[in-house]
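Undergrad: Put together the whole structure using the sequences plus the hints.
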Amino acid sequence: MRPSIRHLEIFRLFSRVLNVTETARILRVTQPSVSQALKDLELQLGVSLLIRSKSGLRLTSAAEELLASIDGVLDNMQMLADRASRLRGEQRNQLSISTVLPLTAALVPLAIERVRKDKPGVRITVESYSSREVVQKVQDRSVDLGLTFLPIEVPDLIQHPLMTTEMACLLPPGHHLAAREIVTADDLLEETIITLGLQVRQEFDVRLAFDRPLDDTRFITTNLSTIASDMVRQGMGVAITLPYVLQHLEGSQVVARPFRPLIKRSLVAVFHNHPGLSPIGRLFLKHLRAELRAFADVIADHGLTSRVPS
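Residue numbering for the sequence shown follows this note's numbering, beginning at 1 and increasing consecutively.
Keep in mind that the hints are not guaranteed to be accurate.
Stated by the list, open to error - List of simulated lysine-lysine pairs, BS3-like, C-alpha gap at most 30 Å:
1) 286 - 117
2) 39 - 54
3) 264 - 286
4) 264 - 119
If you're looking for bench data, these hints aren't it; they were derived computationally from the structure.
TA: Printed below as a string of structure tokens:
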């Protein structure tokens with residue numbers, strides 16, 4: 001019996017999350033239907049795909065070997081559907097985006113507004129997630145395009161560079177360090193420091209700038225840069241974060257200064273090689289780059305460096 005495309009799609013997604021509940025949630029189906037699809041696929045292929053144990057499910061060596069072929073089949077099916085659409089003269093008029101939260105204050109909305117002016121009939125959906133979740137949404141094809149920060153440990157996704165900038169130190173209104181052109185780790189010996197959690201790469205690099213990176217009680221951690229900036233605004237401490245959060249602080253008296261040692265991060269767009277990015281997606285990235293170039297001028301006023309590829 002030949003395997004169905006639907007069963008292959010379910011198995012590919014499951015192989016990435018290794019969790020029946022999460023697979024069902026993403027696909028918006030029931031858990032029993034996912035479990036049954038996996039069992040049916042094993043019967044259709046005639047090989048065992050899963051090792052079931054008290055600790056959960058994991059892939060067999062046969063499943064690992066078949067995954068590349070399954071990816072090829074599903075990618076080719078998508079390419080076939082796209083080519084058929086072009087032959088029918090249809091245009092893809094929708095775009096789904098997952099993005100890290102700091103871009104949602106202005107950059108992404110302004111780019112979407114430009115797209116809608118160029119293409120009034122386009123349908124766009126935007127959802128915000130953590131960096132890792134953004135990549136996962138693209139990888140499991142829940143969205144067309146993701147906006148997140150490097151590094152990304154998923155080699156089968158296209159990574160399109162958008163902007164490289166440096167970490168900034170946010171200071172409360174009237175802070176004595178606001179007169180400095182730059183702020184160093186040594187300047188913050190007596191300060192409460194607000195940063196993102198250690199699961200975020202730039203947070204790990206920030207901690208390494210200090211003498212006791214793991215047990216320093218001066219640190220307050222949060223999972224969102226917007227929370228960190230609000231804490232700064234309330235005078236709870238200083239924050240070391242990427243400057244995209246400055247969009248949330250427009251009109252406030254929070255001061256941003258370059259942080260040293262220099263820590264750079266790159267913003268990228270991620271999407272699948274097959275079928276690639278749609279014309280609407282490419283148009284969105286064109287407008288987003290324009291907004292990023294304008295934003296580069298804004299953060300330059302704070303002494304922060306950046307680079308937006310042409």
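Undergrad: Work down the list of hints and note, for each, if the structure agrees.
TA: Going through the hints against the structure:
Simply put, residue 286 and residue 117 have alpha-carbon atoms about 14 Å apart, close enough for the 30 Å limit, and the pair holds. For a cut-off of 30 Å, the pair hint linking residue 39 to residue 54 stands: about 18 Å separates their Cα positions. For the proposed pair residue 264 and residue 286, the alpha carbon gap of about 23 Å is at most 30 Å, so the pair holds. Only pairs whose Cα atoms come within 30 Å are accepted, and residue 264 paired with residue 119 is rejected, the gap being roughly 35 Å.
Of the numbered hints stated above, the single one contradicted by the structure is hint 4.
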